[in-house]
Amino acid sequence: MSEFRMPALGADMEDGTLVEWLRAPGDTIHRGDIIAVVETVKGAIEIECFENGILDKIVVSPGATVAVGDVLAQIKEEGRTDVVAPEPRTKPISESPDRAVSILSPSIAAPSLPIAAMSLPPRRISPAARKRAQQLGLDIETVQVGPGGVIGLAEVAAAQHLPQPSTAETPQPVKRGFQPDGMRRAIGAAMARSKREIPHYYVSSTLDLSLFTAWLEDANTKRSTQDRLLYAAPLIKAVAVALRSEPALNGVYVKDNYQPSKNVHVGVATALRGGGLIAPAIHDADTLTPDEAMARLRELIPRVRAGRIRGSEMTDPTITLSILGEGTADSLHPVIYPPQVAIIGCGAMRERPWVVDGAITVRRVMTVTVAGDHRVSDGRSAARFLNRLDKILQEPQQL
Amino acid sequence: MTNDELKELVRKTLFDVAPDLEGEEIISDETFADQFDIDSMDFLNFVIGLHKATGVEIPEKDYAQVATLKTCVAYLESRMKP
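Protein sequences, first through last, are from chains A and B. Quick note on this note's numbering: the first sequence kicks off at 37 and runs consecutively. Quick note on this note's numbering: the second sequence kicks off at 228 and runs consecutively.
None of these hints come from the bench; they were simulated from the model. Everything numeric in this text was worked out from a predicted model, so none of it was measured. Careful: at least some of the hints might be erroneous.
[As the list claims (entries may be wrong)] Over the 12 Å line for every Cβ pair with chain A, so calculated as not near, a few chain B residues: (1) Thr-229; (2) Lys-234; (3) Asp-261; (4) Val-283; (5) Glu-287.
[To be verified] A short, non-exhaustive set of chain A residues, derived as facing chain B with CB atoms under 10 Å: (6) Gly-394; (7) Val-398; (8) Arg-399.
We treat Cβ as the ideally placed atom computed from N, Cα and C, and that holds for glycine.
This is chain B alone, in the form it adopts within the complex (with noise of 0.2 Å):
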């Protein structure tokens, strides 16, 4: 998967969690939390799309690490099989 399809994958699956955002521009590197008042719930919703979509299991203590576009990004592609 290139980045830009990672990418895209990652603001389609935020968007199933909360569809009121659709639309919405993502800055890459503020976290999701305080962009679009993304509560606790909202972020084990994501976590678990990506875990489907993806297949990459996040641990709780890795939880910072996808908290914006730019590092949700970056740990997918590094934990992803080429």
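This is chain A alone, in the form it adopts within the complex (with noise of 0.2 Å):
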């Protein structure tokens, strides 16, 4: 028999609430699939299980508010169907005081799972909606959501003529999606953490894409509208694959001790509009062709954006990469997030005069800047990792 926890989805979150469980009681499961739904205020997040069993019993009933840890539910090992045999001679592996951790190992990765179904439809809730409910001294949360899961305008008026429950009597409804003030706490908790714990140190270089750019132009002409690569796509890859050879940039420290990670996982920062951000995982980024990077990118972004997330996509990063995105500002300085030793952030790119060869030229260049942890690397480690970088993209056909 084993245990299945709330995992610890981050380095900010304290509890979660169970929302939902998408097995029942008897259910054979597997590793990697999808087993319970729990809310966070990043959302709904999808936790999956990471051994093979049968869920034997349920401990915590949907609605519940639980600490990181709590037991969730027991697995009975697979072939293990009498849990009154005689114990074997050898120490089960529940026993091993290890064993809730390794469940929850952020070095397991569980890639290309399927999309589980959701029976919860993601509550949606416009900012225009937001405010003319704040106006009217409405509770968003008690308005009821209209069709596709959007709470906009109409639903606001709607509700405006219903009447108030009365907070003292109803149960709290457990929150769907994503909430801009909790998160905006954890955010700054993690933050704070971050800025206390790891003596940060930045290096930048700026990189001449023009080369990279003329070949994803290019490319891109060739293809259908639905086929396009965004820029993004190719720049996880190049970056994923210049960090293999850093290994004191890519990995977790945890308990003032670092593991190097040998898979590169890239959490991509993603803005959330109404205020917040989340960097789920790409995981394996360097062995991934740069359409198959953009699939990933389809997939991930939307679905974390109506509040749909994996344990495993909040738990595996081994690097953070936050690219700021045309039309935005020069560069990036950002902070590092915890357990990971590093970040990289990525200005916009612009149109600047550049020396090649001893001329002055037009070029489209970008600033890349490593956050590193003094705990761990050295500037040294940050500026190879952004020559390698640079390498990289001027050959992107390589890609």
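Taking the hints as your guide, dock the two standalone chains into a single complex.
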């Protein structure tokens, strides 16, 4: 018998609310299966299980909020059908104190899982509706969701004429979707911890991306609209490949101990409209083709914005990449997301006068900044990484 | 398709891409990106949506021409078969 616990889905999570069980007691479950949905300030997170067995007993019922590490359910290991069978000679795995940790080990990746059909419609609230509800003194959480799971101005208007439930008598509804205020507090807490514990250093280079963008534009003119690549896709790949030979930047720092990672799981910083930021993992980004990386982004970004994230996507990143995007600003000096030990910030692409072969010419450039953790590495690691990234981006056809 | 119908089609395509914006007023000569935090992924999906709905292929070099409601409607109008 082993225990399925409330996972820590990021450095900033203390508790979570169990929203739904997707499997029932008696069901056979496999490693990577999504078996429960947990609500956090970041939205509904789909929790995978990391072993094979039979879901034996559900300990926590939907609606309950429990602390990270609390037991949610018990899983009977496969092949051990009788729980009262004589104990084997060897110590059962479930008694090992490390077991609970290993079940949720961030190093176990479960890439390319099918999307679980979520039975909960995500609760999306338009900024205009939120504003209007506030003006009317309406609790937006009590407004009925309209078609498509959206709360717009029409839904707020309809709710205005309904009697407001008395908060004293009504049980708190389970909140759906990400909560901007809660998320802002969580980001604040994680970043304060990062700045307190991690001695940051910053190293940056401005890279000439003219060949890279020319290659991309050429590739995109040959493609139909829906197959076009965003530059983020090959850039993620290039960053991941460059990280392979810089183990001091790619890994996690847990309990005064740095664990470099062989796999490069890139957390891609994704802004949520209405405020907030999530950086879910693109697993093994160094092994993907640009098209595969694009396919992952296409699937991941809308899903995360709709408030549906998988547990492994929150716990697995070994590095974070933040791409500001076009029309924004020249450079970004990001703050490391614990337990990671580095984060990379990319500014917007700009046309700048540039010296090539002794002559001044116009080139498209991007400033890339690495924030590193002095407990693990020095600026030289970051500088080596940036030089390698530069080299890779000068041969985009190799990506 | 009339100018008003095209305007409605553009609005609907944008809200399909970003359902959380449903019901928002769109200022016709300000870019979608400036008004609503539309990023490159949203914009690509918007262009794909317009292509599906109208058959008009919008190459990357023309993205600036479909960045506001006003110019987007004009762009589609000039390229759609009457």
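Hints and how they fare:
1. Thr-229: Correct as stated: the minimum Cβ-Cβ distance to chain A is 25 Å, above 12 Å.
2. Lys-234: Check passes; 19 Å lies beyond 12 Å.
3. Asp-261: Not fine: 8 Å to the nearest Cβ puts Asp-261 (chain B) too close to chain A.
4. Val-283: Incorrect as stated: the minimum Cβ-Cβ distance to chain A is 10 Å, not above 12 Å.
5. Glu-287: violated, 6 Å
6. Gly-394: violated, 31 Å
7. Val-398: Check failed: Cβ of Val-398 (chain A) comes no nearer than 17 Å to chain B, outside 10 Å.
8. Arg-399: violated, 19 Å
When the structure is compared with the earlier hints, violations turn up for hints 3, 4, 5, 6, 7, 8 and for no others.
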